[in-house]
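The listed protein sequences derive, respectively, from chains V and D. Residues in the first sequence are numbered consecutively from 1, following my numbering. Residues in the second sequence are numbered consecutively from 1, following my numbering.
Simulated from the structure, these hints should not be mistaken for laboratory data. Treat the hints loosely; a few may be bogus.
[Unchecked claim] Distance windows between CB atoms, simulated:
id: 1; chain 1: V; residue 1: E164; chain 2: D; residue 2: L42; range: 30 to 40 Å
id: 2; chain 1: D; residue 1: E261; chain 2: V; residue 2: S295; range: 46 to 56 Å
id: 3; chain 1: V; residue 1: S270; chain 2: D; residue 2: G324; range: 41 to 51 Å
id: 4; chain 1: D; residue 1: G324; chain 2: V; residue 2: Q17; range: 56 to 66 Å
Backbone N, C-alpha and C define an ideal beta-carbon position, used for all residues, glycine too.
Letter by letter, the chains look like this.
Protein chains: 2
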Amino acid sequence: MRIDGLQYANWSEKIFQQLRQGGVDAIHVTISYHENFRETVLNFEQWNRWFETYPDLIMKGTAAADIDRARETCRTAVFFGFQNPSPIEDDIGLVEIVHTLGARFMQLTYNNQSLLATGCYEAEDNGITRMGKQVIKEMNRVGLVVDMSHSADRSTIEAADLSERPIAITHANPHEWAPALRNKKEDVIRAVTSNGGMLGFSIYPHHLKEKSDCTLASFCQMIANTADKYGVEHLGIGTDLCQDQPDSIVEWMRVGRWSKEIDYGEGSASNAGFPPMPDWFKDNRDFGNIEKGLSDIGMSEQEVGAIMGGNWYRFFTENFSPAG
Amino acid sequence: MRIDGLQYANWSEKIFQQLRQGGVDAIHVTISYHENFRETVLNFEQWNRWFETYPDLIMKGTAAADIDRARETCRTAVFFGFQNPSPIEDDIGLVEIVHTLGARFMQLTYNNQSLLATGCYEAEDNGITRMGKQVIKEMNRVGLVVDMSHSADRSTIEAADLSERPIAITHANPHEWAPALRNKKEDVIRAVTSNGGMLGFSIYPHHLKEKSDCTLASFCQMIANTADKYGVEHLGIGTDLCQDQPDSIVEWMRVGRWSKEIDYGEGSASNAGFPPMPDWFKDNRDFGNIEKGLSDIGMSEQEVGAIMGGNWYRFFTENFSPAG
């Protein structure tokens, strides 16, 4: 089983076909960065059109059982998430509404301070806000998973502790392997995994050791080391693949509507766009390379299966339905 | 001249007539607490209807010169403000849009953490956010005044220092006189006034010493003491009068849409509604009582005039136009 914990591609029939060629059974796709509720609904609508147009390639996923159905019919189940809480605006009632529409992950922040928590680019982090505490409780109730991939350390640890259900870092790597601002320090990963949560390994080059030049062996050894440290059952893949996106999209991700000035985020003025992907993971057809890489460094078939999809499958099974 | 720095009444012809009976030349009225942009536009529309319906009592105010015109025609000039940045959502471009529509004050927070700063009810305050710094700059550019009445201390001090134009605390009192959470400590008032800003004295009972039983003499002596400490030129009135509002409105102010649980704010379960106003300030007809009270404790005619409206007039003159 192959499940990718995060993608934000410039979707097309070509990519849907590549998902099939790569044997990808399920993906979590971002459908909102800075969109408000109404704009996010447009993105649900767009996906409804794609499901209608390509019924033999993709299907909407809302529960883990949809992955079984996708496998039986040789399709990819697509699960929705937000990288920012902007779709719920300042309205806690929208948590249940977006879950009903199909959202299954929501980041509490995207780089900046949100109404709920602090993002990793703020100078200081005062943890989960008053509204954040209420919203985590409501997300737990309806089955919308807290994702802290772009949050600051203290906010992430507090979210892991406050949440009564496991949370996720869908796309990031250990900071000790690649000291990017977005990668996660030991106490952060520990808080998430010790509460039953998941870490999805990112292949976005800014999160890799040696960036675009990172080797498959280095990436896989990092995964094995992380498994030794936190337990293989908490680990999955979250490629952060942004295939075929123009550079204007990474600028939009970084700047949204919050600033009139350019913010380069993980990039820089001289390297503002999307960095090139490593040669061993260009697109969805390359999942086999990761699988082989994990075997080559000595992981068992069972461990490789857990990391490539089994753990996400279990996590989806347990965390997408209402509590109770 | 009489100018009130903040009201949120349940507006009616009766109240517009009382404004005239009280000789009120201008008021700053709140038109948004939790409303998003589109909802705030509805509130601008409602005021347009009132201006159309009662042209002999009220008129829209956008510049200090409108106060002169209101005085010449025996009307009250109504200036608009927001007690939360919710009308600009996450969109810095809306700062100029709301100014064009007539907004002249915007609080960076209302009790809770916002995208811009920390509110006074949060456990901790990490100051002005990344977006907050951008938005203050834009507010300075277009002439939308930063109001920090409901913000936490550090955020307020940082806003006063970061802003290139004077800011305001439109409705609060010194904490040393009445130690309410919403009242302001010395370093906060100092930061605002030393940067040319204004403090408007509130008559909302939760902000008064002895609350609803506060005497006029105590209130006026507090004003005189504050003038001695920070300079009379930085002081005005901001009654926070919420005349004729049902108790459901104070619950809405406190809870908005951010929580499914009741939050009692400055009240309590046993005292959840609007507290009764002190007997010397029941409505807009009572501004003469404050004027007389200030004279009675020995303030000069010039000082009383400055506090009752002259200072706000000067502040409006200097801060509502684009920076130039």
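ask   = Holds or violated: 46 to 56 Å for the Cβ distance of E261/D and S295/V?
value = 51 Å, holds
request  = Note whether the CB distance of E164/V and L42/D lies within 30 to 40 Å or breaks it.
outcome  = 38 Å, holds
query = Is 41 to 51 Å a correct range for the gap between the Cβ atoms of S270/V and G324/D?
reply = 35 Å, violated
ask   = Between G324/D and Q17/V, is the Cβ distance one that fits in 56 to 66 Å?
value = 58 Å, holds
The structure is inconsistent with hint 3 alone, although it conforms to all the rest.
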